[in-house]
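**Student:** The chain contents come next:
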Amino acid sequence: AAGVIQSPRHLIKEKRETATLKCYPIPRHDTVYWYQQGPGQDPQFLISFYEKMQSDKGSIPDRFSAQQFSDYHSELNMSSLELGDSALYFCASSPTFPWGGNTIYFGEGSWLTVV
Amino acid sequence: GIQVEQSPPDLILQEGANSTLRCNFSDSVNNLQWFHQNPWGQLINLFYIPSGTKQNGRLSATTVATERYSLLYISSSQTTDSGVYFCGYRGGSEKLVFGKGMKLTVNP
Chain A
1 AAGVIQSPRH LIKEKRETAT LKCYPIPRHD TVYWYQQGPG QDPQFLISFY EKMQSDKGSI
61 PDRFSAQQFS DYHSELNMSS LELGDSALYF CASSPTFPWG GNTIYFGEGS WLTVV
Chain B
1 GIQVEQSPPD LILQEGANST LRCNFSDSVN NLQWFHQNPW GQLINLFYIP SGTKQNGRLS
61 ATTVATERYS LLYISSSQTT DSGVYFCGYR GGSEKLVFGK GMKLTVNP
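Protein chains in written order, with the numbering used here: chain A, 1 to 115; chain B, 1 to 108.
No lab work stands behind these hints, which were simulated from the structure alone.
A couple of the hints might just be wrong.
Unchecked claim - Reference listing, derived: stretches of chain A covered by chain B, where coverage requires no fewer than 3 residues with Cβ under 8 Å from a Cβ of chain B:
hint : segment
1    : 55 to 69
2    : 104 to 110
As the list claims (entries may be wrong) - Capping the alpha-carbon separation at 30 Å, the derived lysine-lysine pairs in DSBU-like fashion look like this:
hint : chain 1 : residue 1 : chain 2 : residue 2
3    : A       : K22       : B       : K54
4    : A       : K15       : B       : K54
5    : A       : K13       : B       : K54
6    : B       : K103      : A       : K57
7    : B       : K100      : A       : K57
Claimed, not checked - A short list of chain B residues far from chain A (calculated; beta carbon distances all over 10 Å):
hint : residue
8    : R22
9    : N31
10   : L59
For each residue, glycine too, the CB sits at the ideal point set by N, CA and C.
Chain B extracted, bound-state conformation (with noise of 0.2 Å):
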């Protein structure tokens, strides 16, 4: 199957703080989703990003399909961004599949 490649693994941050995260794919995805897990478990939907750039308030996303990776952008970071991030793609079937994830922290 495809390899999914998050980085960076963990990142401690600052409030107020940028952070960029990265999803590398081995080959080409046509479906990808961006996920924020809370502390308390909770799976959250961010963006739907195939191709091209979306942003909601302080996030955005971009995903570059013949290069084979995305990006999410975090401005501003605040505290309750802390969780972990995770990537997902859904290819030839209709399953999704994640990424190991990376894990933000944002001290006050």
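Just chain A, same shape as in the assembly (with noise of 0.2 Å):
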């Protein structure tokens, strides 16, 4: 079965760069979700689209955006990088809650290292 494809998978940038974090949903999902995870924490919600349409927000800094496009993958995008952005990005799909099914399903991770 088809499972939540992340690109890419290691990312090392320097601190102030720029960087894009790409996911592609399970197909036939509508609705897609960022998580970021810092080292020894549990996953902390970012951001989330549904229907290519941002439809709840966390605790996502002013320095990221992120959007879903007409094919409904997702972009995060993260400007300004700050060592403390070093950690494990997740995207992870859903159908349309709660009609369409109650499980997310999550990618396997991108890892972000600032230097």
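Take the two lone chains, each set in its own frame, and fit them into one complex as the hints suggest.
**Tutor:** So this is what it looks like as structure tokens:
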């Protein structure tokens, strides 16, 4: 079965640079979520999109932005990177909640290291 | 928001032992999932278990929604069971909120 695809899997950037993470949700899933997981922490919700519109927003820094495109893939853009942005970034997708299903599926994550 | 408490926070087992992980919630939750994060960081769906009991091989989960807790049972543990186990819920909004996780180490 198709899963959530994230790229790149690993990324190393210098401080003040910009990084872009991509996410391809499971086919026919119309909701995409982004999470950030720091070392030893639980994943924290950043932002979500439903049908290409932002549907919810969590603790996402102003330096970060995201969007969902017409083919439902999503990109997370992170600018002016700081050392503290080093983390594992997850993308997840689900069908329409709660009617289409109640399970969220996570990608394998993108490791971002800021040096 | 709803508070999620996972216990125990850490657990070390010998291969072959059984274990029970618990999630307590401060209020009713309707949609609960259990995840295993392996040492490579991958988050693996174990169960979607809003209520009742489900089993998958050596793993089973039970949620008692009226009493606001869920249990994950691991029987005959193997070294590949090592990692961090998270429970998470989806309340009124779509996003999933994670508990703090429980680190399991299974020694050979």
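**Student:** Confirm or reject: B/R22 is not an interface residue toward chain A, with every Cβ-Cβ distance exceeding 10 Å.
**Tutor:** holds (16 Å)
**Student:** Verify the proposed pairing of B/K103 with A/K57, using a straight-line Cα cut of 30 Å.
**Tutor:** Satisfied, since the Cα-Cα distance of roughly 28 Å is no more than 30 Å.
**Student:** Counting residues of the segment 55 to 69 of chain A with a beta carbon closer than 8 Å to any beta carbon of chain B, are there 3 or more?
**Tutor:** holds (count 3)
**Student:** With a cut-off of 30 Å on the C-alpha distance, tell me whether B/K100 and A/K57 pass.
**Tutor:** Judged against 30 Å, a Cα distance of about 20 Å means the pair holds.
**Student:** In terms of Cβ atoms, is chain A entirely out of 10 Å range of B/L59?
**Tutor:** B/L59 clear of chain A: closest Cβ-Cβ about 16 Å, beyond 10 Å.
**Student:** So if I understand the rule, the pair passes when the alpha-carbon distance is 30 Å or less; does A/K13 with B/K54 pass?
**Tutor:** Status violated; Cα separation ~43 Å.
**Student:** Holds or violated: are the alpha carbons of A/K15 and B/K54 at most 30 Å from each other?
**Tutor:** Violated, at about 46 Å.
**Student:** Say whether it holds or is violated: B/N31 keeps its Cβ farther than 10 Å from all Cβ of chain A.
**Tutor:** Answer for B/N31: violated, closest chain A Cβ roughly 5 Å.
**Student:** Are 3 or more residues of the segment 104 to 110 of chain A near chain B, judged by a Cβ distance of less than 8 Å?
**Tutor:** holds (count 5)
**Student:** Run the distance test for A/K22 versus B/K54: straight-line Cα separation, threshold 30 Å.
**Tutor:** violated (34 Å)
The structure fails to meet hints 3, 4, 5 and 9 from the earlier list, while all remaining hints are met.
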